Structures are given as structure tokens and as C-alpha cells.
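Using the sequences and the hints given, assemble the complete structure.
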Amino acid sequence: MEEKVNQRVMLSKRLLKESLIRQLKEESIYKISVRELCEQAGINRTTFYKYYGSPFDLLKDIEDDLLRSVQETLMEDGTDRAESLTRVCTYLEENIELSRMLINNNIDPQFPERLFHMPYIRGEIAKVLASRYSAEELGYASCFLTYGCYHMVKQWINRDGHEPPERIASLLLELIEGLA
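Counting with numbering that gives the first Met the number 0, you get residues 0 to 179 for the letters of the sequence shown.
The set of hints was computed from the structure by calculation and includes no laboratory data. Bear in mind the structure is a predicted one, so any value in this text is a computation, not a measurement. Careful: at least some of the hints might be erroneous.
[Said to hold, decoys possible] In silico EDC-like links for lysine to aspartate or glutamate, alpha-carbon gap of 20 Å or less: (1) Lys-153 - Asp-56; (2) Lys-12 - Glu-75; (3) Lys-59 - Glu-112; (4) Lys-24 - Glu-75; (5) Lys-12 - Asp-79; (6) Lys-16 - Asp-79; (7) Lys-59 - Glu-96; (8) Lys-126 - Glu-136.
This is how it looks when you write it as C-alpha cells:
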């Protein structure tokens with residue numbers, strides 16, 4: 000019985016997430032109502048409020064799903080930095096519609112930091128930069144890398160006919176290691 004309940008919860012959340020993603024293609028999250036989301040998803044408003052307080056909470060859940068997938072991709076055993084970055088870029092490309100929506104969405108100004116300050120990424124950046132910069136300078140260099148890499152990925156993901164994931168991962172790694 001519990002498995003059916005979990006499947007129902009997962010289905011409801013997935014339908015709501017898909018509804019929000021479709022609507023964000025056409026209008027700002029500030030103009031999206033819970034009623035519209037629920038109608039498009041075929042979900043009762045009571046069900047929506049069971050899991051989320053607002054469309055912003057739903058967007059955060061979508062962001063969390065992406066970050067969790069990126070983290071899992073990075074944590075796969077036996078990969079070096081280049082392979083890890085390539086896997087992340089490949090994931091973003093394979094989920095290009097979602098990636099574009101989240102990366103281009105200016106609703107959550109913390110999203111770039113949440114993406115590039117994940118423990119694995121932060122640790123790798125620190126390993127590369129720690130020998131050259133003091134603790135204070137490391138904060139500045141890390142900030143520079145966070146937003147620089149984020150905007151590179153943003154430009155890459157938005158270009159039609161963009162370079163393959165391996166190339167953008169290689170370029171990111173060259174720039175990161177060039178600061179060391």
C-alpha cells in the first residue's frame with residue numbers, strides 16, 4: 000500500500016513540475032498561479048498545497064532535482080576532473096530544455112552559487128587554487144570562477160549548434176587550472 004502512495008506522490012509532483020516548466024517558457028513565475036499549474040497538471044489544488052506553498056517552492060524543488068542529479072554524476076567512482084566535468088555538461092545537454100529554463104531563470108540569484116558551491120565542485124576548486132592563494136584570496140578566486148564558469152555554461156547551453164560537452168568541459172578545466 001505504501002508503494003502505491005509513494006508512486007502517487009511522485010506522479011503528482013512530476014506532473015506539477017512539468018506544468019511549471021511548460022508555463023515558465025511563456026511567462027514569468029510571478030504571473031503563474033497555483034490554479035493554472037493545477038489545471039494544466041490535472042492535479043487538485045489541495046494536493047499542490049500538500050507538497051508546496053507556492054510556485055517558488057515548486058521551482059526550488061526542480062532546482063534541487065537538477066543539483067542532486069549533477070551531484071550524483073560528479074560522485075561516480077573512478078572519474079577524474081575532466082571526465083566529471085564532461086559528465087555534467089553531457090547531463091545538461093541531455094536535459095537541455097530543463098537546463099536552459101533553470102540557467103536562464105533569474106528568479107533565484109543563488110542558483111549559480113548552489114550549483115558551483117556543491118561540496119564536490121567547491122573541493123575541486125579549492126584543490127586547484129589552494130596552493131596559490133591565501134584564504135582571503137581564495138574566496139575572491141572562487142567567486143570569480145563560480146560566476147565565470149556559470150556564465151560560460153549559460154552561453155554554451157543557449158547556443159544552437161554548440162560545442163560538444165567534451166569541448167566545453169575541457170575549456171572550463173583549462174580556465175580553472177590556468178588560475179592555479
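| said: Next pair to validate is Lys-153 with Asp-56; report whether the Cα-Cα distance is within 20 Å. | reply: Status violated; Cα separation ~23 Å.
| said: Please verify whether Lys-12 and Asp-79 have alpha carbons no more than 20 Å apart. | reply: Given pair Lys-12, Asp-79 is violated - Cα atoms ~35 Å apart, limit 20 Å.
| Pair hint outcome, Lys-126 versus Glu-136 [Cα-Cα no greater than 20 Å] | holds, 14 Å
| task | Could you grab the alpha-carbon distance between Lys-59 and Glu-96 and see if it respects the 20 Å cut-off? | result | holds, 17 Å
| message | Can you confirm whether the C-alpha distance between Lys-16 and Asp-79 stays at or below 20 Å? | response | This hinted pair is violated, its Cα atoms lying about 33 Å apart.
| query | Quick one, are Lys-59 and Glu-112 close enough, alpha carbons at most 20 Å? | reply | Holds, at about 14 Å.
| message | For Lys-12 and Glu-75, compute the direct alpha-carbon distance and say whether it is at most 20 Å. | response | Measuring from Cα to Cα gives roughly 27 Å; hence the hint is violated.
| said: For Lys-24 and Glu-75, compute the direct alpha-carbon distance and say whether it is at most 20 Å. | reply: Roughly 32 Å between the alpha carbons, so the hint for Lys-24 and Glu-75 is violated.
The structure fails hints 1, 2, 4, 5, 6 (numbered hints given earlier, in ascending order).
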